[in-house]
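There are 2 protein chains.
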Amino acid sequence: MKRRYLLLASALLATLGLTGCKEDKAPAQAGAAQADKVYHWKMVTAWPKNYPGLGTSAERLAERVNAMSNGRLSIKVYAAGELVPALEVFDAVSRGTAELGHGAAYYWKGKVSAAQFFTSVPFGLSTLEMNAWLNKGGGQALWDEAYAPFGIKPLAVGNSGMQMGGWFNKEINSLADLKGLKIRTPGLGGEVFSRLGAISVNMPGGEVFTALQTGAIDATDWVSPFNDQAFGLQQAAKYYYFPGWQEPQATLELLINQKAFDSLPADLQAILTEATRATSQDMLDDYTYHNALALDELKKSGTLLKRFPDDVLEAMQRESINVLGELAAENDLNGRIWASMQAFQALAGKMQDISEKELYNWR
Amino acid sequence: MKRRYLLLASALLATLGLTGCKEDKAPAQAGAAQADKVYHWKMVTAWPKNYPGLGTSAERLAERVNAMSNGRLSIKVYAAGELVPALEVFDAVSRGTAELGHGAAYYWKGKVSAAQFFTSVPFGLSTLEMNAWLNKGGGQALWDEAYAPFGIKPLAVGNSGMQMGGWFNKEINSLADLKGLKIRTPGLGGEVFSRLGAISVNMPGGEVFTALQTGAIDATDWVSPFNDQAFGLQQAAKYYYFPGWQEPQATLELLINQKAFDSLPADLQAILTEATRATSQDMLDDYTYHNALALDELKKSGTLLKRFPDDVLEAMQRESINVLGELAAENDLNGRIWASMQAFQALAGKMQDISEKELYNWR
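Protein sequence lines, in the order shown, are assigned to chains A and B.
If you use this note's numbering, the first sequence closes out at 1404, no skipped numbers anywhere.
If you use this note's numbering, the second sequence closes out at 1404, no skipped numbers anywhere.
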């Protein structure tokens, strides 16, 4: 019965068409049925529930899309382990188990070697530069190419800005202090530490605090003051090292199942894309603001800030270049990505030398 | 007749309500009529037609809103002078002649003294910091307060990043070289130049090139390589000075007529707000990318880069603090804005010292 009323109403509306109402009616998109259809999507994430900055940013993306689409694209967010474990987010989106995934590209290095360039590169692009390279400098097309074989479209969905060097229970006064140091640092930074004689330890995030407190590891990197303070790492380690040479910025990633995306009407595609960009800016603001406050609180509560010595940083930079060169040599795509990033960094660095660098050195 | 069919159709749809359709139909928002209504808005801008970066960003905002709203919020963009002159954008939005305006806050200093804090502050917040302060640090609420008496809601709609010091036909080797220098620098920077003995000249943008070429002025600031190169200033002046101490970032502003905004349904309000944030990120990417390329081209084509001497920068910073202190003393709101900005800059600066500053100095 209801269906009959609906058909009748639709027929009546159709007879009205758009004539005489052109100024006041939205253009028909892909038929009334599609314009009314509600899409129920799943977003699997690599983060614990409500994890500050990262997890909350995923929730905010869903809220933005919901508000803009007036509920037509409804996204349910799953914390790591609720639907799939953190490290299976990529596969879940590729298979279509979830339409969206929220994580970091370097988690998928076992699937796509090129992914390692898209979170962060040691001594590489800064936050402003990475966003510019992805959006305007050809980076997005290379990222698309890397994930296309898996039916996934990636987008930058946030940036936590420059990281810290990490939490240490042993002082690093020279290269010799790295020998045998048990450190948990994922990604390219971990490889660099290994080459400098440290023992790179892999462990899930949930075990890091206890491992550091009991001495099972001597050091760990994490994120930056905002997250590190919330995680309580200041209670497990004495020294907080800088700079975060291993991650001069950290891009967060939205994985979109390409077929699901293609099935959306154009307005919902635009809403998802722009919501992702808006969320990206918002997350960066979150970290920039809360890092400043959290650093101040950490210092007041006794955390000791330490800078890596110059000769240690020089060795880290030398090994980083080696590691990145080897990664670039793995295949043609990796080579093109690294060449593009390096070319932009050379030009952008010259601009920073006379702008941001001058500002920070002067103030 | 058509209206009767529409009413009948609406009535039939209303009897259906949402029962039985909950999973597949978008929730009714504010009645079918409102959900279908097309809003035709005007956006007046302070920029010439298709002006790179600034004008194009206004166009892109309109395109984003159009795509996301499926044409329900249609924004027509007017270049400066097409509907109102550049410096009457604020009044036009306040009156409701246009629902939106696109410009820079310091243009309205004659109306709202506090506006001068919201474009840029000499030796003040950097790009990352300004975005964070506005979005998370209480800056937006202060900006809202400043414009509320005019019925206007402001939002950051872009940032052109850190500026250059400007184009000079005379070398600045000491403070003495500023005496009698005829320079066009609007805003707080111009006031600082005046106090250091320069002659601050006001002129419309369209006259700057000829004035510089003919020697009617000795120097001008403009934006940064991306815009300056497009404007051809390298053909009118010999020296390109850095750093852009007078504008360490430059926030672009969307002015929204509050009554018009309140009349929008919630989904279109969300679309406009998020499109503005997405456009803000996109404009910054545009400048970060194109500044790097344009600087390289300028250097190759013979532009001479010069740095202001330390004693000149010290004097500029001293006078900037005086000028800002006087501005802050003008009224209670100005005082609260300046206190809030300074407090955040003190904390954020400590974080930059161990992150971005280290990165740029090291690379």
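Quick caveat, the hints were computed from the structure, so don't treat them as lab data.
A few of these clues could be false.
Identical chains blur together in the list; that is why a pair holds if it fits in one copy or across any two.
[Unchecked claim] Lysine to any residue pairs mimicking SDA-like chemistry, simulated, CA-CA at most 25 Å apart: (1) K1341 to I1240; (2) K1078 to E1104; (3) K1279 to G1122; (4) K1391 to L1346.
Do the hints match the structure? See the list:
For a Cα distance limit of 25 Å, the shortest separation of K1341 from I1240 qualifies neither inside one copy, at 32 Å, nor across copies, at 47 Å. Proximity of K1078 to E1104 under the C-alpha cut-off of 25 Å is found in both arrangements, the shortest distances being 18 Å within a copy and 24 Å between copies. When the C-alpha separation of K1279 and G1122 is checked against a cutoff of 25 Å, the pair qualifies neither within a copy, at 32 Å, nor between copies, at 62 Å. Proximity of K1391 and L1346 under a CA criterion of 25 Å is satisfied inter-copy only: 11 Å between copies versus 29 Å inside one chain copy.
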